[in-house]
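Trainee: Chain by chain, the residues:
Number of protein chains: 2
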Amino acid sequence: MSQPIKSTSPPGDTRTERLAKWASSLQYKDIPEDVVQKTKDFFLDWLGCTIAGRHHPAVSAIAQFARQMGPSNGKSELVDGSLKFTTSPAFASLVNGASSHVVEQDDLHNRSIMHPATVIYPAALAVAQEVGATGEEFITACVVGYEVGCRVGEYLGKSHYERFHSTATGGVIGVAAAAAHLLKLNAAATLSAIGTAGTQAAGLWQFLLDATHSKQVHTGKACFDGIFAAYSARDGLLGPRDILEGPRAMGIALVPGETFPEAIDQNLGSDWAILSSSFKWHASCRHTHPSVDALLSLMEKNNVAFDDIESVVARTYQAALNVLGLSGAGETVHQSKFSMGFVLAVAAKKGQAMITDFTEEDLVDASLREFQKRVTMELDEEIESRFPKQWQGIVIVTCKSGEKFTESAEFAKGDPELPLTKEEIEKKTKALATYGGFTDVAHVNQLIERAWNLERETNLKGFIF
Amino acid sequence: MSQPIKSTSPPGDTRTERLAKWASSLQYKDIPEDVVQKTKDFFLDWLGCTIAGRHHPAVSAIAQFARQMGPSNGKSELVDGSLKFTTSPAFASLVNGASSHVVEQDDLHNRSIMHPATVIYPAALAVAQEVGATGEEFITACVVGYEVGCRVGEYLGKSHYERFHSTATGGVIGVAAAAAHLLKLNAAATLSAIGTAGTQAAGLWQFLLDATHSKQVHTGKACFDGIFAAYSARDGLLGPRDILEGPRAMGIALVPGETFPEAIDQNLGSDWAILSSSFKWHASCRHTHPSVDALLSLMEKNNVAFDDIESVVARTYQAALNVLGLSGAGETVHQSKFSMGFVLAVAAKKGQAMITDFTEEDLVDASLREFQKRVTMELDEEIESRFPKQWQGIVIVTCKSGEKFTESAEFAKGDPELPLTKEEIEKKTKALATYGGFTDVAHVNQLIERAWNLERETNLKGFIF
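Just so you know, the sequences run in chain order A and B.
Residues 1 to 465 in full-length UniProt numbering are what the first sequence spells out, letter by letter.
Residues 1 to 465 in full-length UniProt numbering are what the second sequence spells out, letter by letter.
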């Protein structure tokens with residue numbers, strides 16, 4: 001393999017080159033207002049997720065690595081202020097990126113099956129802090145990162161996702177593009193950054209089988225590796241020019257099935273990836289969300305209380321039955337979020353299913369466990385026929401009085417069709433901070449206020465809990 | 001993919017676990033003398049390669065990244081003393097690992113199609129310097145690194161190598177095992193290190209198509225990522241327990257064809273990977289080596305001089321014809337090493353084909369270009385039938401006097417069957433240092449002397465040119 005082979009693609013003519021050109025030339029003034037707003041929404045949402053995950057043992061180990069291998073007084077900050085050191089962008093993003101995916105409350109881009117926030121924001125924030133970028137420059141870089149990362153994830157497709165953690169493999173390229181933008185790299189250097197990122201793309205699902213810690217490795221390292229790609233490209237390291245579609249590239253090596261090349265560059269600048277990313281509102285498994293939404297709506301509309309309910313039938317799609325069937329009765333807090341019965345019980349009793357609503361105490365709450373037993377799931381062929389384009393849920397509630405109510409949720413709350421309000425994002429952020437053991441409400445309010453005015457920031461320092 | 005799935009392998013029963021147990025328990029006293037000697041041989045060979053590659057633009061960019069992202073006064077050293085900073089183990093190995101694969105004179109382990117030295121030595125040296133390991137501890141860790149890395153490469157096999165740069169994907173796991181040994185991790189933590197390394201495994205061949213710089217990224221990052229895996233395992237980060245053979249592991253995701261599971265753990269402690277690794281003696285393409293050896297032997301035996309030769313026929317195997325046919329007449333120094341005619345001309349004229357024997361001046365040497373034209377290659381069916389188990393070459397020389405001589409080389413010089421002598425390794429090291437622009441011969445002699453007595457080192461500081 002030491003012999004160079006001639007390229008078959010004419011220069012300047014690949015989809016990846018068009019994507020790199022677009023990414024390097026995007027300016028803040030070109031970004032529509034709703035895209036800017038969504039970027040701020042997801043930034044705040046990400047910030048809360050990052051503080052919420054800080055006590056995970058993988059995050060502690062990765063923070064220790066950063067402390068031992070990196071500088072102790074860099075320009076980039078850790079969101080967890082209790083760590084009490086600053087470092088270089090690569091290490092700050094390694095730690096923040098690992099932390100922000102722990103509680104699995106970060107956003108989801110459906111079409112690419114990626115969680116873009118957990119890689120794009122930590123990397124862009126760390127680089128922005130180092131180069132002294134403004135809020136506008138930071139927002140622009142994040143929009144670039146979402147766009148490039150999600151488009152790569154969509155190109156790699158479902159068969160890639162079966163084997164690889166797309167948040168990492170698409171994410172590392174989004175990170176490289178976002179960092180390249182903050183470093184003001186031209187199109188050629190951005191293409192190098194994308195190429196060097198892609199040749200580092202990694203992340204296997206094997207850790208799911210024994211509940212080990214690779215998920216944090218994947219998001220943290222996607223940040224580190226993407227930043228490496230951008231900085232080294234700035235300093236003259238050439239990356240492969242066609243890392244997505246080339247004959248020895250990602251599409252061949254990492255995709256056992258079909259790729260979707262048009263996703264790479266179609267509708268650039270008009271179809272914005274960040275607008276089709278979803279918030280996770282409830283803290284439970286995503287497959288329970290439509291049923292939770294339908295149940296809460298039903299209870300409000302019909303003035304039904306927790307104690308009024310005799311039984312619940314949740315009509316759903318097959319994938320929900322498959323996944324939610326695996327966790328038994330929900331013996332641990334984590335498993336309980338994968339039990340439709342327990343999740344609906346929590347939602348019905350508390351009126352919400354936030355991260356602070358699933359605790360050890362709740363696991364032994366007899367009223368929740370009783371309710372849980374009276375919930376059944378049923379396959380609904382009509383709902384199934386529309387999944388995964390639409391994630392619908394129907395609940396049928398029979399009351400102790402004999403009354404019967406039915407309600408449908410066409411989308412999950414947090415989907416692009418049903419986005420969270422500012423107040424809801426704030427509420428979620430506060431719950432995440434509380435979960436992370438941070439109780440200074442005034443400080444949280446200050447950070448929220450800064451996030452809502454992100455475009456006016458003159459530098460990005462101090463997003464620290 | 002947020003739902004944990006139960007493991008199917010009973011604990012303590014996988015090949016990977018057996019490999020981790022063996023790796024964590026190996027002691028210096030268990031290592032046969034010839035294995036120790038070979039470890040010292042390849043260490044010196046690696047040291048020369050590292051200084052030779054230091055001026056490559058990718059190495060400069062990576063060194064700049066290390067300078068910007070890492071500390072400036074760590075305990076780990078850069079082999080290129082002109083860089084004038086020390087750093088942490090992860091960054092020192094990133095730079096040294098990138099540098100040592102540039103001139104492609106580092107060793108080759110045939111069965112795994114890997115270059116183990118370029119990843120194992122930089123990582124083990126950097127960690128050894130940080131933990132203050134002795135020469136014996138360093139040698140033991142390197143033996144572990146070779147063993148684990150090469151066995152993983154052999155497990156992944158030829159179909160993996162078609163898509164991935166095995167030196168990186170197997171290498172990162174060898175690095176993790178070597179670093180884990182120096183950190184004195186137990187079997188469980190070593191298994192975590194191996195798992196975390198494997199889920200980061202990456203490195204695509206796409207860069208070959210446009211001669212970009214990913215080769216240096218792959219070797220340097222294999223060092224960095226493997227060190228990350230070992231240190232984070234020490235600090236409690238759990239890696240997947242069956243990253244090689246598990247249902248969502250490397251064997252499924254990164255191997256389109258057959259895997260070779262028995263390679264993982266058969267004959268541990270009796271069949272040593274480092275004993276089956278080969279030196280690269282000549283600086284030309286490996287496929288020219290048997291013919292160079294045969295020609296030099298023929299000229300010596302029969303007292304034939306460069307000017308005596310009218311024509312040369314090199315009889316070889318098909319793969320050599322395929323690869324050596326791609327570079328035309330050899331317009332660049334790099335291409336000239338892939339021209340059988342030019343390489344044999346250089347060898348015949350200079351009596352050797354060291355790295356310093358291929359220069360811009362040689363490209364325009366009329367006597368070399370004349371000779372080159374009088375060399376032809378022919379397919380030899382018998383040689384072909386034994387390739388790649390045996391890399392044989394036959395040359396038939398017709399002299400201007402009319403005399404005709406034939407000589408066969410059964411193996412390439414540097415193969416396990418024909419290892420380099422101490423003097424030859426020293427000569428190669430000096431040529432590599434010269435090529436790297438380092439001219440202090442006394443200093444090179446000192447480093448050589450230290451390498452020959454590596455087991456007596458009390459610390460590994462100062463292997464700096």
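No lab work stands behind these hints, which were simulated from the structure alone.
The structure presented is a predicted model; accordingly, all values stated were derived computationally and were not measured.
Any given hint could be a false lead.
Treat identical chains as interchangeable: a pair holds within one or across any two.
[Claimed, not checked] Cross-link-like lysine to aspartate or glutamate pairs, in silico, DMTMM-like; alpha carbons within 20 Å at most:
{"#": "1", "residue 1": "K184", "residue 2": "E455"}
{"#": "2", "residue 1": "K404", "residue 2": "D308"}
{"#": "3", "residue 1": "K21", "residue 2": "E407"}
{"#": "4", "residue 1": "K158", "residue 2": "D265"}
{"#": "5", "residue 1": "K21", "residue 2": "D210"}
{"#": "6", "residue 1": "K84", "residue 2": "E381"}
{"#": "7", "residue 1": "K400", "residue 2": "E370"}
{"#": "8", "residue 1": "K427", "residue 2": "E381"}
{"#": "9", "residue 1": "K350", "residue 2": "E360"}
{"#": "10", "residue 1": "K84", "residue 2": "D235"}
{"#": "11", "residue 1": "K400", "residue 2": "D308"}
{"#": "12", "residue 1": "K350", "residue 2": "E310"}
{"#": "13", "residue 1": "K373", "residue 2": "E360"}
{"#": "14", "residue 1": "K184", "residue 2": "E331"}
Trainee: Report the numbers of all earlier hints that the structure fails to satisfy, in ascending order.
Mentor: The structure breaks hints 3, 6, 8 and 14; every other hint is satisfied.
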